[in-house]
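Engineer: Chain F is fixed; fit chain P onto it per the hints.
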Amino acid sequence: MAAAGAALAPGIENRLLSPPNAGRIRCSSSAVPARGALVVRGAALSEESRKNRSSALKAVAVKGEAPNLTTAKSGHEILLFDALREGLEEEMARDPTVCVIGEDVGHYGGSYKVTKGLAEKFGDLRVLDTPICENSFTGMGIGAAMTGLRTVVEGMNMGFLLLAYNQISNNAGMLHYTSGGQFKIPIVIRGPGGVGKQLGAEHSQRLESYFQSVPGLQMVACSTPYNAKGLMKAAIRSDNPVILYEHVLLYNLKERIPDEEYVLCLEEAELVRPGKDVTILTYSRMRHFVLQAAKTLVERGYDPEIIDIRSLKPFDLFTIGNSIKKTHKVLIVEECMRTGGIGASLRAAIVDNFWDFLDGRPECLSSQDVPTPYAATLEDATVVQPAQIVVKVEQMCQGLV
Amino acid sequence: MTRSTVGSLARRLFASQPRQAAAAQAPDAINVEIPVPFQLHLLQEGPARESVTSREELVKMYRDMFRIRRMEITADKLFKSQLVRGFCHLYDGQEAVTIGMEAALTYEDTVITAYRDHATFLGRGGTVHECFAELMGRSTGCARGKGGSMHLYKPSNNFYGGWGIVGTTGPLGAGLAFANKYEKKNNVAMAIYGDGAGNQGQLFEAKNMAGLWDLPLIFLVENNHYGMGTAEWRASKKTTFYDRVSYIPGIKVDGMDAFAVKEATRFAKEHCLSGKGPIVLEADTYRYHGHSMSDPGSTYRTRNEIQGVRQERDPIERIKKLMIKENVMREEEFKAVDKEIKQEVDDAAAKAKDDPNPGEEELFMNIYKNDSGLKTYGCDRNMVRVQLP
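Residue numbers (my numbering), protein chains in the order written: chain F, 347 to 747; chain P, 6 to 394.
In isolation and in its complexed conformation, chain F is listed as follows (with noise of 0.2 Å):
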């Protein structure tokens, strides 16, 4: 029984490119197991690839730099908010149902300017400014959902969805259960969320935590400019609902993009970094924190494999299986609180299914079960720190936790 999809390396084959008007996204695949074998990840490299994997493995940690390019000159520089304006921009000039609502999207271009100069483009209906009613202007975007529009919903912090919260829950996530299949709805509800720069805690709320169980809702979270085009791109491409989680620190990060299009895969996870001696599973800031705390693990001779999971719900279980199965150890590093966050779901679905694999318990290291305060000392001892990530890695490998 093969599934189409399953079988891919992360990261590496992800490029796809589908023509215009096509209606599916077909993940390109190099294998395709037998039920319930995982295949080892390094059969379905390519020489090329296997050559840069060596020489990253013994390089610095890389921060989000894209495996699949050849060579380093072609491609643009780019901020990851211009990478979501980017997509977003490509997907509503390719597709005329594509359309943002959202407080301040249009005239003022968006508080994090994701959608700057889109309504002078596209015109003030399809990048709707809306008054400050988060659960009705949600509900409209998921009522026109229902008709076909494709309708990416912006909460200007992704804290104020809250509001919208039995919008999202019932008429997005469940409608294509309770109708029997009737409709779909292709809604992206994107936004800024996690922990800032002292903005209180009505401001720093973690909403994947909330919205994980519902079902039928799909849930991703970018964390470099090349993984945040392309998840919207997907995202808007998909007939589900999908949240798409930004992180309001990530913003002004740089690097380098294809110019060529390309679309993500919405249920795979990035292996970052190679490695043997532990599995490291992270999203969105925390990533960046983890390649932080990698560059003094490396030094102090240790191995980590680091894994972005992006998918937060479903969770990419092939590619992180066949990592657990590699290292036997697994770490989790997550900005949710310790208490029904992401990583309390991912250890449960680790014990579940990769028991026989560990040496031991899944480790997790998480924000504090607090509201995030305002000072500046308390906020950081709220969210996890590179330092703390070192430490925990140090006691896995030695084999003292």
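Note that these hints are calculated values from the structure, not bench results.
Any given hint could be a false lead.
For lysine-lysine, the following PhoX-like pairs were computed, each having C-alpha atoms within a straight-line distance of at most 25 Å [claimed, not checked]:
(1) P/LYS65 to P/LYS325
(2) P/LYS186 to F/LYS467
(3) F/LYS530 to P/LYS374
Structural biologist: Okay, now just chain P, sitting in the frame of chain F:
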């Protein structure tokens, strides 16, 4: 005073009311007077006080309303014999609202309503069998048995359900109207809610947005005066709903008169499609059953009141009297039609009773739309429950 003198007197008194264009009437056209005047908010003129209909339309309306009535009474029986579980909100007494509305709309217009949706589903072209099968949770139901009483849908006729949360039809309806405007369709969206929902904040938000962007949206309030057990005067500071907002016009209409609802809907549709923005219709109606099958319906209102409305304002009796007066059908013909429809409804219930329950594989189907090679797992994650293409 005979009816015709009242009619002509009314015509003189309300001379400013627009008349039906009499020039294009077919020879067999029947004129129906609308006795209860429309109450208007922010409108100079209201709907016509006279509706032009035909034998065919009258017969169809009677049959449709009677079918709804029989379906709801049968649903009551099915619930009491525990074939229908959970929630069951019945529409009998309010038939004129849905049938009157459908007489003025087409299936290109979009309709969305709340949980009292069995009749609206039928009005939008759904069959009694599909409805019963869904109520009984069978796989032949309109939502494959996975929705239930409150989640009936008919996408082919632009019926967007069937929603359980009070007030949610406002924003969703705004989305439907927005889509019509976006796609430049010459159609309205009709968002239906009740008096109990009338105080929801999201409705005001939706009205603001609809007014701001001139969305072709008709807000229809089915005011049956009770939000479950709470009478409207105990829930609302202001007990009318058509004039709640100072920038959206409204019309209050006798919801037990199918032709009043028809004319009001026709007027509202013209209003919206001429670019004047949204409009609110308040239909003054009544439900004979309680809020749902778990509510006897008599603890917060007297039996005399229910009986009184049934005797004086019943929508089916009203149209029957009209048809007899206009010689459309005789008493014996009514008996035959009633018997036929009762049989049709009973047959549908019997057929639905024998339909199979959904199989176990249905549990994990339709969680996601299959378009990207997505695998859906059971909660133990070990087994792939759904094979995707």
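Engineer: All the hints need checking, so say for each whether the structure fits it.
Structural biologist: Structure-based check of all given hints:
1. P/LYS65 to P/LYS325: holds (12 Å)
2. P/LYS186 to F/LYS467: holds (19 Å)
3. F/LYS530 to P/LYS374: Roughly 7 Å separates the two Cα atoms, so the pair holds.
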